[in-house]
Each structure stands twice: as structure tokens, then as C-alpha cells.
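Which chain is which? The protein sequence lines are R and F, in order.
All the letters of the first sequence, read from the start, carry residue numbers 2 to 115 under my numbering.
All the letters of the second sequence, read from the start, carry residue numbers 407 to 515 under my numbering.
Careful: at least some of the hints might be erroneous.
As the list claims (entries may be wrong) - Here are the simulated distance ranges between beta carbons:
id: 1; chain 1: R; residue 1: Leu28; chain 2: F; residue 2: Gln415; range: 24 to 34 Å
id: 2; chain 1: F; residue 1: Ser433; chain 2: R; residue 2: Thr60; range: 15 to 25 Å
id: 3; chain 1: R; residue 1: Leu55; chain 2: F; residue 2: Ser426; range: 35 to 45 Å
Said to hold, decoys possible - Distance condition first, Cα-Cα at most 30 Å in a straight line; then the derived DSS-like pairs of lysine-lysine:
id: 4; chain 1: R; residue 1: Lys41; chain 2: R; residue 2: Lys20
id: 5; chain 1: R; residue 1: Lys41; chain 2: F; residue 2: Lys476
id: 6; chain 1: F; residue 1: Lys457; chain 2: R; residue 2: Lys42
id: 7; chain 1: R; residue 1: Lys68; chain 2: R; residue 2: Lys10
id: 8; chain 1: R; residue 1: Lys72; chain 2: F; residue 2: Lys457
id: 9; chain 1: R; residue 1: Lys37; chain 2: F; residue 2: Lys476
id: 10; chain 1: R; residue 1: Lys45; chain 2: F; residue 2: Lys476
id: 11; chain 1: F; residue 1: Lys457; chain 2: R; residue 2: Lys37
id: 12; chain 1: R; residue 1: Lys42; chain 2: F; residue 2: Lys476
id: 13; chain 1: R; residue 1: Lys10; chain 2: R; residue 2: Lys53
id: 14; chain 1: R; residue 1: Lys20; chain 2: R; residue 2: Lys45
id: 15; chain 1: R; residue 1: Lys42; chain 2: R; residue 2: Lys68
id: 16; chain 1: F; residue 1: Lys476; chain 2: F; residue 2: Lys457
Since the hints were made in silico from the structure, they are not lab data.
Each residue gets a CB set at the ideal place from its N, CA and C atoms; glycine is no exception.
If you want the building blocks of each chain, they are given just below.
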Amino acid sequence: DTAVSQTPKYLVTQMGNDKSIKCEQNLGHDTMYWYKQDSKKFLKIMFSYNNKELIINETVPNRFSPKSPDKAHLNLHINSLELGDSAVYFCASSQGRGGDYEQYFGPGTRLTVT
Amino acid sequence: GQQLNQSPQSMFIQEGEDVSMNCTSSSIFNTWLWYKQEPGEGPVLLIALYKAGELTSNGRLTAQFGITRKDSFLNISASIPSDVGIYFCAGQWGQNFVFGPGTRLSVLP
Numbered sequence: 002d003t004a005v006s007q008t009p010k011y012l013v014t015q016m017g018n019d020k021s022i023k024c025e026q027n028l029g030h031d032t033m034y035w036y037k038q039d040s041k042k043f044l045k046i047m048f049s050y051n052n053k054e055l056i057i058n059e060t061v062p063n064r065f066s067p068k069s070p071d072k073a074h075l076n077l078h079i080n081s082l083e084l085g086d087s088a089v090y091f092c093a094s095s096q097g098r099g100g101d102y103e104q105y106f107g108p109g110t111r112l113t114v115t
Numbered sequence: 407g408q409q410l411n412q413s414p415q416s417m418f419i420q421e422g423e424d425v426s427m428n429c430t431s432s433s434i435f436n437t438w439l440w441y442k443q444e445p446g447e448g449p450v451l452l453i454a455l456y457k458a459g460e461l462t463s464n465g466r467l468t469a470q471f472g473i474t475r476k477d478s479f480l481n482i483s484a485s486i487p488s489d490v491g492i493y494f495c496a497g498q499w500g501q502n503f504v505f506g507p508g509t510r511l512s513v514l515p
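The following block holds chain F by itself, in its conformation from the complex (with noise of 0.2 Å):
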């Protein structure tokens, strides 16, 4: 079946920080959308990315479709307490959704 890796799995950084992620898949896709977990709730459209090469800002992050269609990034500028928690990508195709594994963020002060 389709796979997404994202890395890194885990990061610590210091606020005011910026933050890069990235999410790659053998598979081609349609659409790619990154989220944001906190504990106990579910997981929030950031950005949605619907053409190879597009680049979306949502106020401080940024995400990028690649090029191939199989990757995506993230971005997040000028990190803030509030931005800890996991970031999923999905890669959509027809009616189905492939989430990577995630990328824990924490942010020290």
C-alpha cells in the first residue's frame, strides 16, 4: 500500500526558532494536506496544496507540493510556544488519505 515518511520523527527547538519538515512517498499524489495535533483533540487542516510546485503560506508557516508530486514540506517561521504539537502530512488520491507518522515538535522558551 502508499506509504509517507516524514522527518524528522522529533524535534526540540528554541523558540523564535524556524521549523522545517518534510514528507516523501514512493506514490505519486493528488492533493497534499499538512495538519496539527494537540493532545486530546483532532488533528486541524494547516494548508492544503492541490498542484506540483504550488508553495501556500498560512500566516507563519509555509508549505510547498513538490515538484514529482511523491514530497512536501513545511515551514514554520519564528516558532512559538503555541506551535508544539504533531504535524501530519496526507497525500490524497480518488476518495482515499495516506497520513505520515507524524513530527513532534516541541518548543523550549
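Excised from the complex, chain R in its bound form (with noise of 0.2 Å):
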């Protein structure tokens, strides 16, 4: 069983366009994230909503839409894609109490603009 799930893992689209990413944890967790990866590998977190409600809001864009319909999905939307935002995107999840941090990271979108 995949515990947290990414989709599409490849996406290749043009710049202008608007594209979304998926998100789905089967561990129960009450926190998600979106994390971005350049290409020198530097992960930078995005957002985090905990409960469905957003708790960290990082310096992004607000061409960049997280969506949290319930706490098992975090979607990113994406709008009027730009070249600078190729890079690979990664959602996670932890349980955010009890002192409990550890975080389980997706396997990955990777996203290139053309």
C-alpha cells in the first residue's frame, strides 16, 4: 500500500498553462505539505495544512493554489505556468501533534515548462 501517492509523477506542459497536482496519504495524518526541489536539490516547503486549513503559507507565488477538499488530499493548482517552475514538487504528510513530526514524502512530480 502506497502511504502517500502523487499524481501525475511526470508533466510536461508549455508556459501560460495551468496545470494541477494530487495528493492522497492513507496514514490517517492530520498535516500535508507540498515541498519544491530545484534542480540542485535544495527542498524548499511550500505549504502546510493541517486539519484543512492552511498553517504555513512560504513565500510562493500566488500563482501557486494548495486545495484541501478533506485532511487525506492536498492538491496544487497552478496557474499561468512560468519556466522557473520546473522543478520536482513532493507532497508529505505527518501526524503535526503529540510531538509527533515525522514526515512521509510522496514519490514526486516531476514538472517541466516549455
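Reassemble the complex: the two chains are provided individually, in unrelated frames, and hints are given to aid placement.
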């Protein structure tokens, strides 16, 4: 059973398009995250949701909009894609309470903007 | 903002050797986490540390939470080829996480 899953695995699109990445976790965790990993492998947190509520919103262009329909899902919608958006995007989840902050990552979505 | 430094940036070792890498920060963290990432995959949690001074093992891996809460190290004993990958440390405070830039490990047979 996959704990944290993301779709699609690869996404190639042109500048100016709008795209979405979906994430689901079956761990029963309360908190979900989106990370961006650039070509140098730096991992940077973008958003964090706890029980469908946005709790972290780092300095990310407002073209990026996360949506959490329920605590098991956190989707990322990106408007007007730019070349600099090309990266690998990871979803992660953690219990986020009771001192348990062990994060589990999905397999990543490699976004290429041409 | 908070930053983590990892050293070394990369290392090439012979199979069977022991490996040591560390992570430092100017800020205090509540939790230290160590992850391994292989090509095309997401980071996989190796060890989580919750208390200053805590020493935790997971098979051939041992990690410690520094007394000052500003650093952590990870040791790998008797390395094998499948240890190849990028090792990330991460510090947690509140609901936020900061990741180090990673240590790239290559194991030569």
C-alpha cells in the first residue's frame, strides 16, 4: 500500500498553461505539505495544511494555490506556468501533533515547463 | 530565516567503510530528522530525534541530537553499495521544517 501518492509522476507543459498536481495520504495524518525541490536538490517548504486549514504559506507566488478537500488530500494548482516553475514537487504528511513530526514523502511530480 | 548546513557536501567511500556526516544550525530545533533520497524517488525517513542528547540507531545507522539542539550527526557503519544517495537533515519547530542542502554519498565497490 502506498502511504503518500501523487499524480502525475511527470508533467510537461507549455508556459502560460494551468496545471494541477494531486496528493493523497492513507496514513491518517492530520498535516500535509507541499515542497519544491530545485535542480540543485534544495528542498523548500511551500505550504502546510492541518485538518484542511492552511497553516504555512511560504513566500510563494500567488499563482500557486493549494486546496485541501479533506485531510487525506492536498492538491496543488498552478496558474500561468513559468519556466522557473520547472522542478520536482513533493507532497508529504505527518501526524503533526503529540510531538510526532515524522514526515513521509510522496514519490514526487517532475514538472517541466517549456 | 533559519538555515541548516550539512557537511560534507559529497563523499566518495569504499564499500565497508564507516561514514559520518553532520548538520548544524544557528537556531534551535525541537526535532531533528534524517532522510535519504535516491534518484527519481522522494526522501525516505531514516531516523527521527526528539530530545537533546538522544542517540538513536536504525540498523547500521546511528544519529544523535546535539546537546545544544543546534546540531545533529548521522553515522553509517560498514557501508554497502545501496547506501548511495543524498542524505538530508531536517529541523522542525512548530509546524515548520527546514531542510539542509544534503550530503551526496557515493560508495565504490
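message = Check the structure against each numbered hint from earlier and tell me which ones fail, lowest number first.
response = none
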